[in-house]
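J.: What follows is each chain in one-letter form.
2 protein chains.
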Amino acid sequence: MDDHQAVSANNPDACFVGVDFGTLSGRALVVRARDGAELGTAVHEYAHGVMDAELAATGEPLPPDWALQDPEDYRDVLRHAVPAAVADAGIDPSLVAGIGTDFTACTVLPASADGTPLCQLPGLAGRPHAYPKLWKHHAGQPQADRINALAHERREAWIVRYGGKISSEWEFAKGLQLLEEDPEIYQRADRWIEAADWIIWQLTGTETRNACTAGYKGIRQDGRYPSREFLAALDPRFAGFAADKLEHAVLPLGARAGSLTEQAAAWTGLPEGIAVAVGNVDAHVTPPAAAAIEPGQMVAIMGTSTCHVMNGERLAVVPGMCGVVDGGIVAGLWGYEAGQSGVGDIFAWFADHAVPPEYHDEARRRGIGLHELLSQEAAAQPAGAHGLIALDWLNGNRSVLVDHHLSGAIIGLTLATRAPDIYRALVESTAFGTRVIIDTFADSGIPVTELVIAGGLTKNDFVLQVYADVTRRPLSVIASDQGPALGSAIHAAVAAGWYPDVHAASAAMGAKHQAVYLPDPASADVYDRLYAEYRLLHDYFGRGGNAVMHRLRGVRDRVLRSAPAAAERSGGRA
Amino acid sequence: MDDHQAVSANNPDACFVGVDFGTLSGRALVVRARDGAELGTAVHEYAHGVMDAELAATGEPLPPDWALQDPEDYRDVLRHAVPAAVADAGIDPSLVAGIGTDFTACTVLPASADGTPLCQLPGLAGRPHAYPKLWKHHAGQPQADRINALAHERREAWIVRYGGKISSEWEFAKGLQLLEEDPEIYQRADRWIEAADWIIWQLTGTETRNACTAGYKGIRQDGRYPSREFLAALDPRFAGFAADKLEHAVLPLGARAGSLTEQAAAWTGLPEGIAVAVGNVDAHVTPPAAAAIEPGQMVAIMGTSTCHVMNGERLAVVPGMCGVVDGGIVAGLWGYEAGQSGVGDIFAWFADHAVPPEYHDEARRRGIGLHELLSQEAAAQPAGAHGLIALDWLNGNRSVLVDHHLSGAIIGLTLATRAPDIYRALVESTAFGTRVIIDTFADSGIPVTELVIAGGLTKNDFVLQVYADVTRRPLSVIASDQGPALGSAIHAAVAAGWYPDVHAASAAMGAKHQAVYLPDPASADVYDRLYAEYRLLHDYFGRGGNAVMHRLRGVRDRVLRSAPAAAERSGGRA
Chain H
200 MDDHQAVSAN NPDACFVGVD FGTLSGRALV VRARDGAELG TAVHEYAHGV MDAELAATGE
260 PLPPDWALQD PEDYRDVLRH AVPAAVADAG IDPSLVAGIG TDFTACTVLP ASADGTPLCQ
320 LPGLAGRPHA YPKLWKHHAG QPQADRINAL AHERREAWIV RYGGKISSEW EFAKGLQLLE
380 EDPEIYQRAD RWIEAADWII WQLTGTETRN ACTAGYKGIR QDGRYPSREF LAALDPRFAG
440 FAADKLEHAV LPLGARAGSL TEQAAAWTGL PEGIAVAVGN VDAHVTPPAA AAIEPGQMVA
500 IMGTSTCHVM NGERLAVVPG MCGVVDGGIV AGLWGYEAGQ SGVGDIFAWF ADHAVPPEYH
560 DEARRRGIGL HELLSQEAAA QPAGAHGLIA LDWLNGNRSV LVDHHLSGAI IGLTLATRAP
620 DIYRALVEST AFGTRVIIDT FADSGIPVTE LVIAGGLTKN DFVLQVYADV TRRPLSVIAS
680 DQGPALGSAI HAAVAAGWYP DVHAASAAMG AKHQAVYLPD PASADVYDRL YAEYRLLHDY
740 FGRGGNAVMH RLRGVRDRVL RSAPAAAERS GGRA
Chain R
200 MDDHQAVSAN NPDACFVGVD FGTLSGRALV VRARDGAELG TAVHEYAHGV MDAELAATGE
260 PLPPDWALQD PEDYRDVLRH AVPAAVADAG IDPSLVAGIG TDFTACTVLP ASADGTPLCQ
320 LPGLAGRPHA YPKLWKHHAG QPQADRINAL AHERREAWIV RYGGKISSEW EFAKGLQLLE
380 EDPEIYQRAD RWIEAADWII WQLTGTETRN ACTAGYKGIR QDGRYPSREF LAALDPRFAG
440 FAADKLEHAV LPLGARAGSL TEQAAAWTGL PEGIAVAVGN VDAHVTPPAA AAIEPGQMVA
500 IMGTSTCHVM NGERLAVVPG MCGVVDGGIV AGLWGYEAGQ SGVGDIFAWF ADHAVPPEYH
560 DEARRRGIGL HELLSQEAAA QPAGAHGLIA LDWLNGNRSV LVDHHLSGAI IGLTLATRAP
620 DIYRALVEST AFGTRVIIDT FADSGIPVTE LVIAGGLTKN DFVLQVYADV TRRPLSVIAS
680 DQGPALGSAI HAAVAAGWYP DVHAASAAMG AKHQAVYLPD PASADVYDRL YAEYRLLHDY
740 FGRGGNAVMH RLRGVRDRVL RSAPAAAERS GGRA
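Protein chains in written order, with my numbering: chain H, 200 to 773; chain R, 200 to 773.
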């Protein structure tokens, strides 16, 4: 330990800063170490946001499915949000004894050997492939398809640990796309590094890799990346991808990556030399903030989509999970991840595109939001009264079917169906989707003992009551509104040695409200029946009973390819 | 022939009046005999409209699914609409050589032996069962269910001629309901008579029965009603229902029922003694107006629902048809009827309850209707571009599944789905439903050689183009905007002897525009693929592959029975 940290860490009022790097902004949070009190916070919006239409530096249009970011925006969060949060907390910065971060993932960039993003090298600002590719950059789907096909063909052991499919969002698909589309940038990239790890390099001056992204996004299993032979079979030029650009010692979560450099101290206003925790991911850093890291405690981070993270004592293959990684959430346990591709996104789609004016007018008249009005009217119905059942696949299905070409369905419509009926059915469909995931874990020998909700949808009583009724479980809810940033602060406290491990830090600094929503037995009985219907339709449409959703998509794609003008017209309305 | 008619019928400018009694109003049309020219028209709204909430005479609330009318409203149409139409035509009333009518069906009433509706007898104005029951009175469903079950149990030969199910709307279900719920009124009803026949009684002073309603709504087949034994098995008191209250000579369509009485001449301002055609039904009177009465010419009367009527040379059992009746459309041919329970109703439901404000605003800005805007935007898409397929069962399915407990479905939704996409998918789903009916007729040996469209939806180019593309057929369209009233005038001309038969009268006075909409081959190819998907889902959800729609309805009904207050809340919004 160096002097700075020693001083702070001995102070009973010592604080830690957690920084959560999101899709459009970064948030800093100052947390008191001894009790997790959140003393101050600040947000900084990324100047360039998401570049999905054009490259800001040149105005060059970007192809469909691209999503880039500017790495300077990340540094700006350190420069602005961190000092602002400390000011908001009203503490002396010297009380801060460490900093931790979490990032969206897989957000990944090409860098030189000294950590410079290639887009910041002279002459490369105009090269799209030189920029960080945001998690939702999906243009590497053809590459992902080839990786998956080859993995199954070669019976690679790792593929089952990812539900049988790696995603176009992850390091290998994005890396292979880079190689094939801009070999020069690929060549010049000494590193292919998660933004989660790159930001730590900026804070410490030292390159590190964290167990979470290496495992979930980097296909690192049992200490190894996919083999040179496998990579060469994809493309001979790709053979050295892992060895040359990824390979690096991997540190456990909560480890100290290094100390805050003089430069980073200047950016943040924090003491030079304080502990910096290794990188982490927004979803995976949340369970410690919810005091929910014991095996069987599933944390569902519910927002536009839902990410389910849970620790298990042993390795099991759970069909359709996103991944299982040794120490992927907490060192010493197997971290399981599953997901639902569309949740809040679906409710927003419905509110934006399928609700008639009378509801908008009434919400305005009553001074409430449209979602609140729909929730109130939907909540006034008894379960089952609308006669509907929906499949929540409007954005595809991640777990447990791992099929992004599925689509949504609503069954049971009549001339008496009204907007709150459909709204309720859509909310229920996402709850059924969660129950499928929970059941699949249980069937695979990884029982879920407690369901803890975090994320933006924790504010919606109606949604959570439906989830309690559908899953027939009491729901716990994370106490903090800033789960990821608090989780990052917890990891900083561990990295600094304030707590011996994440378990101790989580117990002291994290919190949840237990059993906030209790299942209503009458509703739960109705939902048992509707869940049986959901499962039947789920398997019929999702497991090959009727591949109509794939065929409809095929027809659509063929039609649009041969009629691009019409497609544009049809897609012209927001 | 009496004097009045002889005079007019010799005049080359002779005219005939057709009167179409609809659900909310009656329309009279003055038509020149020699060429079908429509010279004048007028509408009279029923003062009591549809009594489905309370009985006007007493304010007594009516139970769910009831729908009554006041017979005086029908007489008022004769008093007001007929003279107004003649005035509108600007002709001397003495030029009118006959009158014909058509009615909604099965609209049926109890009457005394002299034709007085029981509700007009002293002391009976407060008895709901003494009033005409409108076609859409559905409270006799339990009785219909028992009739169907018994018919199948006893293997009654007639049941297959009604697609295996008679409707709660028809004479026997409504009659049995009357018996069981108000035996005194049943007892006092000397006649149980279609309003179609009752109005002729008012015009002529003579009781008649027409072949159309007797066959389609009265289960009269091969000259016989269901047997006394069958009726007694339903209820011993019902044994004489057909013999005592229905039985009467049945006249062919276009026959002369009698001559206009002095009283009816005073009501209408028409010459006393002119010919009055036997009663008829709005749908079945339409093919002559469209010059489409040859075997194989299917007339689809498209409005809130669709009725398909077509002549055939021989008797065949077509699965799921509404009925096949000897002379049911034109004497000497077998009249086939099929139907789709929801068509325009579905489009209206969508426009009213699922379209966001931006489209309402844009339609207002452009000074067009919402349907027109949605149609324009939907029409701008190539077929298949929305990636959706829908089942058009929001109001159940009449043909060919004969299952009113089915419900609607939409498959293929994504976050990119917009209102015009769903609108188009719903329009297409009704076209697929029509194609199923056409295919079923063909499979049963009754090929459809021409598809002729009549009804309110003839005004919607987009809808009809979709139907042409989906059925891969040129569509003909009835020339008149007043198909039923014109058809009634045609039958009047036959009854008066101006034409020897309906064929000749239809050829001279009826008309259609041929091949107005031609199938687009590229769209038709796409629709062949989507139709295959529709059939697959149709059979899966409609033929027992997955009875989820029935079960959802069952859950809904149980829930609502046990939570009536919540049900009311949920149903409170219009």
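One should not assume that every hint holds.
What the hints assert, rightly or not - Which residues of chain H face chain R? A partial, calculated answer using Cβ under 10 Å:
{"hint": "1", "residue": "K444"}
{"hint": "2", "residue": "A550"}
{"hint": "3", "residue": "H585"}
{"hint": "4", "residue": "G586"}
{"hint": "5", "residue": "G595"}
{"hint": "6", "residue": "I610"}
{"hint": "7", "residue": "D642"}
{"hint": "8", "residue": "G644"}
{"hint": "9", "residue": "F661"}
{"hint": "10", "residue": "L663"}
{"hint": "11", "residue": "H712"}
{"hint": "12", "residue": "A714"}
{"hint": "13", "residue": "G744"}
{"hint": "14", "residue": "V754"}
{"hint": "15", "residue": "L759"}
Unchecked claim - Across the chosen pairs, the derived CB separations fall in these ranges:
{"hint": "16", "chain 1": "R", "residue 1": "P321", "chain 2": "H", "residue 2": "P556", "range": "48 to 54 Å"}
{"hint": "17", "chain 1": "R", "residue 1": "R563", "chain 2": "H", "residue 2": "I567", "range": "21 to 27 Å"}
{"hint": "18", "chain 1": "R", "residue 1": "G655", "chain 2": "H", "residue 2": "H712", "range": "24 to 30 Å"}
{"hint": "19", "chain 1": "R", "residue 1": "H559", "chain 2": "H", "residue 2": "Q340", "range": "56 to 62 Å"}
{"hint": "20", "chain 1": "H", "residue 1": "D700", "chain 2": "R", "residue 2": "H559", "range": "56 to 62 Å"}
{"hint": "21", "chain 1": "R", "residue 1": "D434", "chain 2": "H", "residue 2": "D727", "range": "39 to 45 Å"}
Because the hints were derived from the structure by calculation, they are not lab data.
C-beta atoms are modelled at their ideal positions from N, C-alpha and C, and glycine is treated no differently.
J.: Determine for every hint whether it applies to the structure shown.
T.: Hints, verified against the model:
1. K444: The hint is violated - K444(H) has no Cβ within 10 Å of chain R, the shortest such distance being about 34 Å.
2. A550: holds (9 Å)
3. H585: holds (7 Å)
4. G586: holds (4 Å)
5. G595: Because about 8 Å separates G595(H) from the closest Cβ in chain R, which is inside the 10 Å limit, the hint holds.
6. I610: It holds, given that the least Cβ distance between I610(H) and chain R is near 5 Å, below 10 Å.
7. D642: violated (23 Å)
8. G644: violated (31 Å)
9. F661: violated (14 Å)
10. L663: Interface hint status for L663(H): violated (20 Å vs cutoff 10 Å).
11. H712: Interface hint status for H712(H): violated (28 Å vs cutoff 10 Å).
12. A714: It is violated, given that the least Cβ distance between A714(H) and chain R is near 25 Å, above 10 Å.
13. G744: Since chain R brings a Cβ to about 9 Å from G744(H), closer than 10 Å, the hint holds.
14. V754: holds (4 Å)
15. L759: This hint holds: L759(H) lies near chain R, its Cβ roughly 6 Å from the closest one there, short of 10 Å.
16. P321(R) with P556(H): 48 to 54 Å: Holds, since P321(R) and P556(H) (Cβ atoms, about 51 Å apart) stay within the stated range.
17. R563(R) with I567(H): 21 to 27 Å: Hint holds: Cβ distance 25 Å, inside 21 to 27 Å.
18. G655(R) with H712(H): 24 to 30 Å: Violated, since G655(R) and H712(H) (Cβ atoms, about 57 Å apart) do not stay within the stated range.
19. H559(R) with Q340(H): 56 to 62 Å: violated (37 Å)
20. D700(H) with H559(R): 56 to 62 Å: The hint (56 to 62 Å, Cβ to Cβ) holds, given that D700(H) and H559(R) are roughly 59 Å apart.
21. D434(R) with D727(H): 39 to 45 Å: holds (41 Å)
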